[in-house]
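Build the full structure now, drawing on both the sequences and the hints.
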Amino acid sequence: MDPYYANKMANKTELELLEYFNNHQKYVPVAVLAAVAELQKRGRTFSETELATLEPERQAVRQAYQAEMAAKAAETDNDEEAEEVSQLYTPNAIVGFSIFFSLLFGAMLLVTNIRELGNRKGSWIVVGFGIAYMALEVVLFQLYRSSTLTLGLNLIGALILNFYFWPKYIGFNQGYEAKPIWRALLISILIVLPLIIIASLLPQPE
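Just so we're on the same page, my numbering is the position in the sequence shown counted from 1, plus 3.
Mixed in with the good hints there might be a few duds.
[Stated by the list, open to error] The list that follows gives simulated cross-link-like pairs (lysine-lysine, BS3-like), each with its CA atoms no further than 25 Å apart: (1) K124 to K29; (2) K75 to K124; (3) K15 to K29; (4) K11 to K29; (5) K171 to K182; (6) K29 to K75; (7) K44 to K15; (8) K44 to K29.
No lab work stands behind these hints, which were simulated from the structure alone. Just so it is clear, the structure is predicted and the values come from calculations on it, not from any experiment.
Structure representation (C-alpha coordinates):
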(Lines of atoms letter the chains of each structure in order from A and count residues from 1; the text may use other names and numbers.)
(Lines give C-alpha, C1' and ligand atoms only; values in the text may rest on other atoms or scores of the structure.)
Protein backbone atom coordinates (compact mmCIF):
# COMPACT_ATOMS: atom_id res chain seq x y z
CA MET A 1 0.00 0.00 0.00
CA ASP A 2 1.22 3.47 -0.86
CA PRO A 3 2.45 5.10 2.40
CA TYR A 4 1.18 8.50 1.30
CA TYR A 5 -2.42 7.35 0.89
CA ALA A 6 -2.24 5.08 3.94
CA ASN A 7 -1.30 8.06 6.13
CA LYS A 8 -3.88 10.25 4.43
CA MET A 9 -6.71 7.78 5.08
CA ALA A 10 -5.65 7.26 8.69
CA ASN A 11 -6.66 10.89 9.38
CA LYS A 12 -10.14 10.63 7.83
CA THR A 13 -13.43 9.81 9.51
CA GLU A 14 -15.31 6.61 8.79
CA LEU A 15 -17.91 8.53 6.78
CA GLU A 16 -15.17 10.07 4.64
CA LEU A 17 -13.64 6.65 4.09
CA LEU A 18 -16.99 5.17 3.11
CA GLU A 19 -17.34 7.94 0.56
CA TYR A 20 -14.29 6.52 -1.22
CA PHE A 21 -15.87 3.06 -1.21
CA ASN A 22 -19.40 4.05 -2.19
CA ASN A 23 -18.26 6.32 -5.01
CA HIS A 24 -15.02 4.57 -5.92
CA GLN A 25 -15.38 5.42 -9.63
CA LYS A 26 -14.72 9.09 -8.76
CA TYR A 27 -11.40 8.57 -6.99
CA VAL A 28 -7.87 7.44 -7.74
CA PRO A 29 -7.73 3.61 -7.47
CA VAL A 30 -4.88 3.58 -4.97
CA ALA A 31 -6.80 6.02 -2.76
CA VAL A 32 -9.92 3.82 -2.83
CA LEU A 33 -7.96 0.73 -1.82
CA ALA A 34 -6.20 2.67 0.93
CA ALA A 35 -9.59 3.83 2.26
CA VAL A 36 -10.97 0.26 2.29
CA ALA A 37 -7.82 -1.01 4.00
CA GLU A 38 -8.21 1.66 6.67
CA LEU A 39 -11.89 0.74 7.20
CA GLN A 40 -10.96 -2.93 7.56
CA LYS A 41 -8.25 -1.93 10.01
CA ARG A 42 -10.93 -0.17 12.10
CA GLY A 43 -13.12 -3.30 12.12
CA ARG A 44 -15.41 -2.65 9.18
CA THR A 45 -16.17 -5.88 7.27
CA PHE A 46 -17.02 -6.12 3.58
CA SER A 47 -18.78 -8.95 1.81
CA GLU A 48 -17.18 -10.77 -1.10
CA THR A 49 -19.66 -9.05 -3.40
CA GLU A 50 -18.68 -5.63 -2.10
CA LEU A 51 -14.98 -6.36 -2.46
CA ALA A 52 -15.55 -7.69 -5.97
CA THR A 53 -16.71 -4.25 -7.06
CA LEU A 54 -13.21 -2.97 -6.36
CA GLU A 55 -11.55 -5.35 -8.84
CA PRO A 56 -11.05 -2.58 -11.46
CA GLU A 57 -9.17 -0.55 -8.85
CA ARG A 58 -7.01 -3.53 -7.89
CA GLN A 59 -6.23 -4.20 -11.54
CA ALA A 60 -5.34 -0.55 -12.14
CA VAL A 61 -3.01 -0.50 -9.13
CA ARG A 62 -1.33 -3.75 -10.24
CA GLN A 63 -0.78 -2.39 -13.75
CA ALA A 64 0.62 0.87 -12.42
CA TYR A 65 2.99 -1.05 -10.15
CA GLN A 66 4.14 -3.32 -12.98
CA ALA A 67 4.69 -0.32 -15.25
CA GLU A 68 6.73 1.40 -12.55
CA MET A 69 8.87 -1.70 -12.01
CA ALA A 70 9.41 -2.10 -15.76
CA ALA A 71 10.45 1.54 -16.05
CA LYS A 72 12.92 1.16 -13.18
CA ALA A 73 14.33 -2.03 -14.72
CA ALA A 74 14.74 -0.30 -18.09
CA GLU A 75 16.45 2.65 -16.42
CA THR A 76 18.83 0.30 -14.62
CA ASP A 77 19.64 -1.49 -17.88
CA ASN A 78 20.29 1.83 -19.62
CA ASP A 79 22.57 2.94 -16.80
CA GLU A 80 24.52 -0.31 -17.01
CA GLU A 81 24.84 0.03 -20.77
CA ALA A 82 25.97 3.61 -20.39
CA GLU A 83 28.65 2.51 -17.93
CA GLU A 84 30.02 -0.09 -20.34
CA VAL A 85 32.94 1.39 -22.26
CA SER A 86 34.49 -0.40 -25.20
CA GLN A 87 38.14 -1.41 -24.98
CA LEU A 88 39.99 -0.23 -28.08
CA TYR A 89 43.60 -0.23 -29.20
CA THR A 90 44.86 3.34 -29.05
CA PRO A 91 46.08 5.37 -32.06
CA ASN A 92 49.59 5.21 -30.56
CA ALA A 93 49.41 1.41 -30.55
CA ILE A 94 48.35 1.44 -34.19
CA VAL A 95 51.32 3.67 -35.09
CA GLY A 96 53.73 1.51 -33.10
CA PHE A 97 52.60 -1.77 -34.67
CA SER A 98 52.56 -0.21 -38.15
CA ILE A 99 56.17 0.98 -37.85
CA PHE A 100 57.80 -1.89 -35.98
CA PHE A 101 55.96 -4.74 -37.69
CA SER A 102 54.13 -3.52 -40.79
CA LEU A 103 51.17 -1.43 -41.83
CA LEU A 104 49.07 -4.59 -42.04
CA PHE A 105 49.55 -5.24 -38.30
CA GLY A 106 48.46 -1.70 -37.45
CA ALA A 107 45.47 -2.10 -39.75
CA MET A 108 44.44 -5.29 -37.94
CA LEU A 109 44.43 -3.43 -34.61
CA LEU A 110 42.08 -0.85 -36.13
CA VAL A 111 39.97 -3.66 -37.60
CA THR A 112 39.64 -5.14 -34.12
CA ASN A 113 38.46 -1.76 -32.82
CA ILE A 114 35.89 -1.35 -35.57
CA ARG A 115 34.48 -4.83 -35.03
CA GLU A 116 34.31 -4.17 -31.30
CA LEU A 117 31.86 -1.40 -32.17
CA GLY A 118 29.87 -3.71 -34.44
CA ASN A 119 30.82 -2.31 -37.86
CA ARG A 120 31.83 -5.39 -39.87
CA LYS A 121 31.54 -3.64 -43.24
CA GLY A 122 33.95 -0.92 -42.17
CA SER A 123 36.37 -3.52 -40.81
CA TRP A 124 36.54 -5.30 -44.18
CA ILE A 125 37.30 -2.03 -45.94
CA VAL A 126 40.24 -1.45 -43.58
CA VAL A 127 41.42 -5.04 -44.15
CA GLY A 128 41.37 -4.39 -47.90
CA PHE A 129 43.30 -1.16 -47.45
CA GLY A 130 45.91 -2.88 -45.29
CA ILE A 131 46.48 -5.67 -47.82
CA ALA A 132 46.65 -3.28 -50.79
CA TYR A 133 49.03 -0.94 -48.95
CA MET A 134 51.22 -3.88 -47.93
CA ALA A 135 51.37 -5.05 -51.56
CA LEU A 136 52.44 -1.54 -52.63
CA GLU A 137 55.20 -1.54 -50.01
CA VAL A 138 56.48 -4.90 -51.25
CA VAL A 139 56.62 -3.65 -54.84
CA LEU A 140 58.43 -0.45 -53.86
CA PHE A 141 60.89 -2.37 -51.68
CA GLN A 142 61.68 -4.68 -54.58
CA LEU A 143 62.39 -1.63 -56.72
CA TYR A 144 64.41 0.48 -54.27
CA ARG A 145 65.59 -1.93 -51.53
CA SER A 146 65.28 0.86 -48.96
CA SER A 147 64.34 0.15 -45.33
CA THR A 148 64.03 3.88 -44.73
CA LEU A 149 61.43 4.09 -47.49
CA THR A 150 59.52 1.18 -45.93
CA LEU A 151 59.50 2.84 -42.50
CA GLY A 152 58.32 6.08 -44.06
CA LEU A 153 55.52 4.31 -45.89
CA ASN A 154 54.51 2.51 -42.69
CA LEU A 155 54.30 5.84 -40.87
CA ILE A 156 52.23 7.39 -43.66
CA GLY A 157 49.93 4.36 -43.65
CA ALA A 158 49.51 4.60 -39.87
CA LEU A 159 48.54 8.26 -40.21
CA ILE A 160 45.93 7.30 -42.82
CA LEU A 161 44.54 4.69 -40.41
CA ASN A 162 44.34 7.16 -37.54
CA PHE A 163 43.23 10.30 -39.35
CA TYR A 164 41.00 8.88 -42.06
CA PHE A 165 39.66 5.46 -41.11
CA TRP A 166 39.48 6.08 -37.34
CA PRO A 167 37.18 9.15 -37.58
CA LYS A 168 35.20 7.51 -40.39
CA TYR A 169 34.41 4.22 -38.64
CA ILE A 170 34.99 5.03 -34.94
CA GLY A 171 34.87 8.79 -34.54
CA PHE A 172 37.07 11.05 -32.49
CA ASN A 173 34.29 11.50 -29.92
CA GLN A 174 33.97 7.77 -29.21
CA GLY A 175 34.68 7.04 -25.56
CA TYR A 176 36.84 4.00 -24.86
CA GLU A 177 39.34 2.39 -22.54
CA ALA A 178 42.84 1.62 -23.78
CA LYS A 179 43.05 -2.06 -24.62
CA PRO A 180 46.22 -3.85 -23.46
CA ILE A 181 48.55 -4.60 -26.36
CA TRP A 182 50.42 -7.57 -24.87
CA ARG A 183 48.37 -10.30 -26.55
CA ALA A 184 48.55 -8.57 -29.92
CA LEU A 185 52.28 -7.98 -29.39
CA LEU A 186 52.92 -11.65 -28.64
CA ILE A 187 50.95 -12.77 -31.68
CA SER A 188 52.82 -10.29 -33.88
CA ILE A 189 56.20 -11.48 -32.62
CA LEU A 190 55.24 -15.12 -33.19
CA ILE A 191 54.32 -14.26 -36.78
CA VAL A 192 57.27 -12.02 -37.61
CA LEU A 193 60.09 -13.86 -35.82
CA PRO A 194 59.91 -17.05 -37.93
CA LEU A 195 59.85 -14.91 -41.09
CA ILE A 196 62.99 -13.10 -39.96
CA ILE A 197 64.73 -16.39 -39.21
CA ILE A 198 63.76 -17.85 -42.57
CA ALA A 199 64.91 -14.71 -44.38
CA SER A 200 68.27 -14.83 -42.62
CA LEU A 201 68.80 -18.45 -43.69
CA LEU A 202 68.10 -17.78 -47.36
CA PRO A 203 71.04 -17.08 -49.68
CA GLN A 204 71.69 -13.36 -49.88
CA PRO A 205 71.84 -11.78 -53.34
CA GLU A 206 75.34 -10.78 -54.34
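Taking only the CA atoms, is the gap from K44 to K15 under or equal to 25 Å?
Holds, at about 13 Å.
Are the Cα positions of K124 and K29 separated by 25 Å at most?
Status violated; Cα separation ~59 Å.
K29 paired with K75 [C-alpha distance capped at 25 Å]:
29 Å, violated
For the pair supplied as a hint, K171 and K182, confirm whether the alpha-carbon distance does not exceed 25 Å.
This hinted pair holds, its Cα atoms lying about 20 Å apart.
Restraint check for K44 with K29, where alpha carbons must lie at most 25 Å apart
23 Å, holds
Hinted pair, alpha-carbon criterion (25 Å max): K11, K29. Please report holds or violated.
17 Å, holds
Is K15 within 25 Å of K29, Cα to Cα?
17 Å, holds
Restraint check for K75 with K124, where alpha carbons must lie at most 25 Å apart:
The hint is violated at about 36 Å.
Checked against the numbered hints given earlier, this structure breaks hints 1, 2, 6; the rest are met.
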